[in-house]
Amino acid sequence: DWQWMYDVNVLAVQRLTRALLPQLRQAAASDSHADLLFVTSTAAQVAYPGGGGYNAAKAAESMLVSALRLELNGEPLRVVEIAPGMVYTEEFTLNRVGGDRERAAAVYEGVQHPLTAEDVADVIGYALEAPGHVNLDLVTMRPVAQSAQHLLARGPLRPRLP
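Under the numbering used here, think of the first position of the sequence shown as 1, with each following residue one higher.
Calculated from the structure, these hints are not laboratory results. Incorrect hints may have been included.
[Claimed, not checked] Ranges between beta-carbon positions, derived for each pair:
no. : residue 1 : residue 2 : range
1   : R18       : E102      : 37 to 47 Å
2   : P159      : R18       : 46 to 56 Å
3   : H113      : E91       : 16 to 26 Å
4   : E91       : T17       : 23 to 33 Å
5   : L157      : Q26       : 44 to 54 Å
6   : Q3        : L157      : 37 to 47 Å
7   : Q26       : N95       : 36 to 46 Å
8   : Q23       : E91       : 22 to 32 Å
9   : A121      : D31       : 18 to 28 Å
10  : L16       : G53       : 18 to 28 Å
11  : R103      : A29       : 45 to 55 Å
The beta-carbon is built from N, C-alpha and C at its ideal position, and this holds for glycine as well.
Generate coordinates for the entire structure from the input sequences, incorporating the hints supplied.
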């Protein structure tokens, strides 16, 4: 449902950010900086068939993050966006294909090592542990098998040797 996707990915993000910003500013005053980190998606960058609502919601969220970074210029607040590509998440995929388990399994079929939630968490940790003067504006992450939003290698990954 498009309205639900927009409410969760854009309006909820905006409301939470607005509600937490005073506390983050206070934290930055005593700790030299504070972090705002958002998980968007590569779906914000490139559309795919059947993804119109999700693509639009994630693109809007990404623009919200970019605008926020500009609006907070001059404050010791890091605004970080993590944009994962294909992440193996059974529940999300099932939801995306209307509960059809066979179609959900086909999404990942033959893909060697899709990203996991743990991979995304590791990158989040890295971004937050960077020195306080370093801001990772946008981190796009994909599994090696996904060289672009629309290009996915299925089957074993092999080097092309001469």
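Query - Non-conforming hints, listed in increasing numerical order - result: The structure conflicts with no hint, since it agrees with every one listed earlier.
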